[in-house]
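Chemist: Chains as they are written, first to last, in the working numbering: chain X, 7 to 237; chain A, 357 to 457; chain S, 101 to 440; chain L, 548 to 1091.
Honestly, the hints are just simulated from the structure, not real lab data.
It is possible that part of the hints are untrue.
To be verified - Cβ-Cβ distance ranges computed for the label pairs, FRET-style:
hint, chain 1, residue 1, chain 2, residue 2, range
1, X, T61, L, Y680, 54 to 62 Å
2, S, V350, L, W741, 54 to 62 Å
3, S, R154, L, Y669, 45 to 53 Å
4, X, L123, L, D1046, 53 to 61 Å
5, L, P1007, S, K348, 20 to 28 Å
6, L, P1063, X, L190, 57 to 65 Å
Ideal Cβ positions, reconstructed from N, Cα and C, are used throughout, including at glycine.
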Amino acid sequence: MSASTTEAVAQHSLQHHFATMEQQRQSTTLGMWIFLVTEIMFFGGLFTAYLVYRTAHPDVWEMGSQHMEFWLGTINTVILLTSSFFVALSVHYAQRGMTKITALLLFLTVLCGIGFLGIKAVEYHNHYKEGTVPGPWWHYNQVENPDGTTRPAPHELQLFFYLYFVMTGLHALHVTIGIVLLALIGLWAWQGKYTAEYHNPVHISGLYWHFVDLVWIFLYPLLYLIANKHA
Amino acid sequence: MSEHVLPIRVYVLTFIALMALMVLTAFLSTVPMGRELNTVVALFIAAIKATLVLLFFMHLKYENYILSTVVFVAGLFWLLIFFGLTLVDYSSRHVMGVPGH
Amino acid sequence: MLKDLSLWPSQASTLSGNVDLLYIFLIVVTGLFTLLVFALVIFFAYKYRQTPDRHATQIEGSNVLEATWTLIPFGIFMIMFVWGAAVYMHSVQPPPNAMEIYVVGKQWMWKLEHPEGVREINTLHVPIGKDVRLTMISQDVIHSFYVPAFRIKQDVLPGRYTTLWFHATKTGHFHLFCAEYCGTLHSGMIGEVVVMEQNEYQDWLAGNANTGTMASSGEKTFNELGCASCHRSDTQGRGPDLAGIFGKPVALDNGSTVTADDNYLRDSILNPGSKVVSGFKPIMPTYNGIVNEEQLLSLVSYIKSLSQPRQQGQPAPAPASVPVHTGRTQAPSAGNTKVK
Amino acid sequence: MATTAVANPVERENYLNTNYGIKSWLLTTDHKRIAILYLISITLMFFIGGFFATLIRLELLTPQGDLMTADTYNKVFSMHGIVMVFFFLIPSIPATLGNFLIPMMIGAKDLAFPRINLLSWYIYIVSACLLIYVIVNGGVDTGWTFYTPFSTTYSNTNVFLAGIAIFINGFSSILTGLNFIVTLHRMRAPGMTWSRLPLFCWSHYATSVIQVLGTPVIAITLALVAIERVWHIGIFDPKVGGDPVLFQHMFWFYSHPAVYIMILPSMAVMSEIITCFSRKRIFGYAFVALASIGIAVIGFLVWAHHMFVAGISAYAALVFSLLSYFVAVPSAIKVFNWTATMYKGNISLRTPMLYALGFIGLFTIGGMTGLFLACLGIDPHVTDTYFVVAHFHFIMVGGAVMAYLGGIHFWWPKMTGRMYSEIWGKVAAFLIFAGFNLTFLPQFILGYAGMPRRYHAYVPEYQVLNVLSTAGASILALGYLLPLIYLLSSLRNGAIAGDNPWAAQGLEWKTSSPPPTFNFEETPVVTWEAYDYEQMPKEVPVVS
């Protein structure tokens, strides 16, 4: 940390109670990681519920998963992984001080996020038409047997869909927050607020977006891939 | 600065690996291996993908202090406590202390 | 007011003595520790009170002492744990052949039913010197069945049977409380357990004319709902034959096996699409909303009776008077009900 | 005593007089001012909660339940619990004393994220206002535990809004914890190594870990309850195969560790007070520090001991009972170390020390009775009775509130620059100790005799003990009102305290009282161990 000149350049970005830029950078990064841990526990409550009911009713979970649209889920996975790639690149260019490229990559990420939400909305609409939205909108009461007869749907199917909507809904909320956040950071990057010395906001918002991606990496197999397609 | 600037190549390779793993997991979900194995395989691949994102996209491998890793691992550890001890109850309900036995 | 003062609950079950002994052990041990801490604090505060001519002696610590007051309490804790666990394991395992009583909790009353068919509200008559097992369920929120004199308590859940058992050792009237907060009249959801001599109990049972045993009213419901048209003993049945299945393992169509206990039978009636018996088509309709908890209990009781050799309730279903009780106040044997 | 306040000689610039006006407070990012804001709002919530407690004790004076209706009573005890747990106890010591002191104890200018610190106070205020709105609009009658399906389906009160209020409040707690962790890692002054850190900071670190890891779970759990109320279906609903006991798992996963959010900061205060008034270094520094961390970790493994009769499996009950005994060990270690710290000290029984000794006694009783509840043989009989009520009040009031008051008295001269009346301080400490014991000791007997908790009316044989309890509560109430009066009056009439009225050793005493905005004229360099009382005056001076 001998570069006292670069620190002088970035002096206006150093908050009064920190001694050095490095201390500030490490503090905000650590703060973000701790925040992500709270997010793990936040989703953790839902994953616990998923685990409990899935172990109790594996058949019902398979049945529910068959209502997921495999291709839409897969496309959304591609979109989110790609967006994470863009964000990683944007941080890279921010580190090198090429903030215009940073901004462009962040805007691309925002587009990905919007696309993701759009596809999610299509899926929700399909579930609505199908009657598999729990609550007053639920009218999926008969399941067809392989031989064409029907039987009453096991009522735990509503648990599956309830968890599906709460988990993906909470995730979509995080995506929305991420979109707003990255749009703002992108705008500020475009305006040249960040430099090679001071770009930590890009870095920590990036961490947030990656976390949103991480959650989806687990939601995708847990919701879309457990259908027994070979029975 | 003490920040580590990774070459773009690292990100590209990570991205390719992620895509490949995604195709793999989507494909494997159609291969009959039995309910348990299918789930375990899918979660295993998800864990690899997550690790790649954490190490390379989120720079955990390159942070110059290990604190972030400790923090994140602590989060996972607590999540496992939550899962594990809850399941202690649910998985044993039919072993002991159920009505009539 | 003073003559009613209650400092210790009466001991009226085989469990009471065990719990009290353990309780006294804990009081003595923790009391000694507490006294030790109090005595030391007071002694030090006096002995080392501030005086102008003394310096405090700086002491860094002592690993020996730390180890001592880590290991000794830990050892004592383990004694408490093991003893407590022993008392507990005994208290959660009902002896086989206990007489069975069915409990339905609802806001804000206890409905109790004897296998002989006698029903009571908020009062439970039981014989002294017999093992009694309660199979309990709630119609609405969580309640808790608590008899302090027996030292027993168990939450009564909606959607799942829980059990409790006791062996009364003293005749008399004992409090029955709801111990899990359940809404407005939670504190009014109280009653009493009346422990009687065994012959008095038999007289009491006989003196309360009733509509037949629980199993027989279960059989009635069974026939009225047309269950028998599928669940038949001949091979034509579209559903599994229920004779002898209670307590036995049942193979399901997904390859797993469950034990046909109270909870499984109840689930199968309300949620038939969930656990389908292997070899049968999943065609059974749901009876969710059609039968209430008391009917479910009598159905379970009936199916149970099919597994008990030579002791089925007989009489052909009396088609005229159908005892479908939907209301709360259908309390037979008025003499026993006591609403506070 | 200080009859003539020294006519303020030209006051040094400090955090209180650096600027004036409402705006300078509401937009401040100074951790000390935010601590004062928290202190005021928390005190208000304490007296709201205390008002409900008074109503409960008055109602229970007679067995018939004749003071208010059953519905009103149910709302009253629910609001008492919710206000006291979420809006007083959990933020109490960390948000006031912790906020004020941690940066000063480690030689920092402020917390790592001053604006987030202010944000957390605003979040607290928003949630508190929402809760007060709920109270005014008829309250909520689920108890602070929100057990389903009563809360989701059967209650006719404002469960949704109350749940949202606690949900929001959780973020205030999370942000405080996050801020403390980062501050303790990144903001320590040169030379302030982890092994020189005051135990106050160690305990707060452990507290913050719980806040960060536990609070999100209660947030999502209450959010699920709120959604279930709107949607009329949810994962805890037995009608669709949901398990109400799962709610209890998720609730207690946070709410048991939350007890340690309340008690660990109290232990933090204890270590500071006892060393200062014994003029001694702490006995077994490393063990006390590690015991804090041990409590934070093991505290997460024991939650289902609240559920032994709730319908969990017998096997799970065994596991959780065993683990519950583990968590008692570090607490015992702490008590023994504090006691040993007094050995061969030079002890002065000033007001903060009286509270500290009261804490040791009451916390010991509270902890010991916890062993009864961890014991599988006894818990089924006493759970959900007044035994439990007495036990957790010994921990939360006898422990946490005693320590809170002790801490306020100890650092009052630092925060305000003034001394309070020592005589009134001692009177209040005795009243609180006596009143507390008279209130809650009879409840142990009541509980074992079988009186269930949350009863609006009860059977007559429990009356005598209830009357005793109410008598104690009135003494306790008086005891709590006194400090409010003499502390406030000290602001005007109290003697000028000076920088270090107790000749205490921590870094916070090495700056002026009240401290300047950035705490220290220049960043201190630490070269000494914590509680190095060898170098300090051998007795506590008397300021008047």
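Chemist: Now look at each hint and say whether the structure bears it out.
Modeler: Hint check:
no.	hint	verdict
1	X:T61 with L:Y680: 54 to 62 Å	41 Å, violated
2	S:V350 with L:W741: 54 to 62 Å	59 Å, holds
3	S:R154 with L:Y669: 45 to 53 Å	51 Å, holds
4	X:L123 with L:D1046: 53 to 61 Å	58 Å, holds
5	L:P1007 with S:K348: 20 to 28 Å	50 Å, violated
6	L:P1063 with X:L190: 57 to 65 Å	36 Å, violated
In terms of the numbered hints stated before, the structure departs from hints 1, 5, 6, listed from lowest to highest.
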